[in-house]
Amino acid sequence: MGLTNPAIGNGADEVTTVAAVSPNWVTSRLDFLTNWARSNSLWPMPFGTACCAIEFMATAASRFDLARFGMERMSFSPRQADVLICAGRLPFKLAPVIRRIWDQMPQPKWSISMGACASTGGIFDNYSMVQGIDTIIPVDVYVPGCPPRPEGLIYGILLLQKKIRGETIADDMLRDEKLVGPSGLFLRPERVDELSEPFGNSVQQTRSS
Amino acid sequence: MTSPSPSVAALRAEFGTAVERHLVSCGQTVVYATRERAHDVLGWLRDTPGQEFNYLTDVTAVDYRDPERQLEVVYQLRSLGRKADLRLKVALDKRAPLEVRSVYDLWRGADWLEREVFDMFGVTFTGHPDLRRILMWETYAEGYPLRKDFPLRGHFSRAEQTRQALAANPEAHYSLEELSLAEAHGDLPQDMQERLARGERGFLK
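One line per chain: the protein sequences are F and H, in this order. Numbering-wise, the first sequence is residues 1 to 209 according to our numbering. Numbering-wise, the second sequence is residues 210 to 414 according to our numbering.
Quick caveat, the hints were computed from the structure, so don't treat them as lab data. Quick reminder that beta carbons are idealized off the backbone N, C-alpha and C, glycines included. None of the hints are false.
FRET-style restraints, in silico, Cβ to Cβ:
| id | chain 1 | residue 1 | chain 2 | residue 2 | range |
| --- | --- | --- | --- | --- | --- |
| 1 | F | 146 | H | 314 | 43 to 53 Å |
| 2 | F | 62 | H | 314 | 47 to 57 Å |
| 3 | H | 350 | F | 108 | 36 to 46 Å |
| 4 | H | 356 | F | 166 | 42 to 52 Å |
| 5 | H | 398 | F | 106 | 14 to 24 Å |
| 6 | H | 259 | F | 74 | 55 to 65 Å |
Same shape as in the complex, but just chain F:
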């Protein structure tokens, strides 16, 4: 089951001893249970816009079988979803849409940026494409690839599960809603510019070319 914590003894008298030594005993135990439940029943909200969505579908289908990780239920309603998977490039026209979906998802929630385009804008370093969805919503795991193979996405999901197992319910900051502020962005404008900066071959181009 994975529910037994070897750090804890099994006699009642020992429990009081451990509690006396470590006042965090209850917290860590509850965290373990919560994180165990959360990480093994992630319901994905698929936001598929391009070829990454094909790989995502393959991941969910029988050969790679996402159900092995408790993710067999695709939640096409954001209100019942735990993890937003952005599979594919995100044009600026869809930016308010993904932001609305993210805002509609209840806490606790996580997001995976699948593929080069969702993570950085990829080859689409142009006027119409968001240069990484982390300028629109907070991202937990970036999966590289163009598109990533199902193994890559599954590795990303396992990393997300690992990340969830390290969380604690005592930390309110983890569940803070990072809303779009009065500036119209959820990050500082300089930060968005910095994240969107061209790299690789496209640094050869200027904004006027």
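With the hints as your guide, set chain H onto chain F.
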């Protein structure tokens, strides 16, 4: 096939100097018409027996790298019955307002094609019933992306582009029918009805 389509001779006989020049490119006959007579030429090509170009394959435009060269609006025609193609171009002077008469009344399929040319090149199609952006969102303020003087990454900074995109409020620019909500509107919660009404394009007012 290097000889021009027989439609060219018929067009010259019918319209004279309104047909400016023609050329054959990769087996495809290209005819240039003046902006003023282009609509007449296209209507004639559609309705005249022996021409019968009853299918408008595409409307698009070309902006050349040479700033002196005119912007060309391209009509690709097809006669489904005769299995023949014809390409008609209208050159527009970039110093004057980019305007050409809409062919929506000839081919209904021109609706979205002309909206796309308007969106990407800023060509105004007079007489089009619903000329607004189709690919970019309606409040897009950076200009016309396929013009050669448009920088690849746009005019604004990435932060400003992101801010404007997030402020776009896409629901405000679709009718209830486009959102498939018209029939269910009465059943929607009050706040949602108000939200739809706030940005509605005249449907609820």
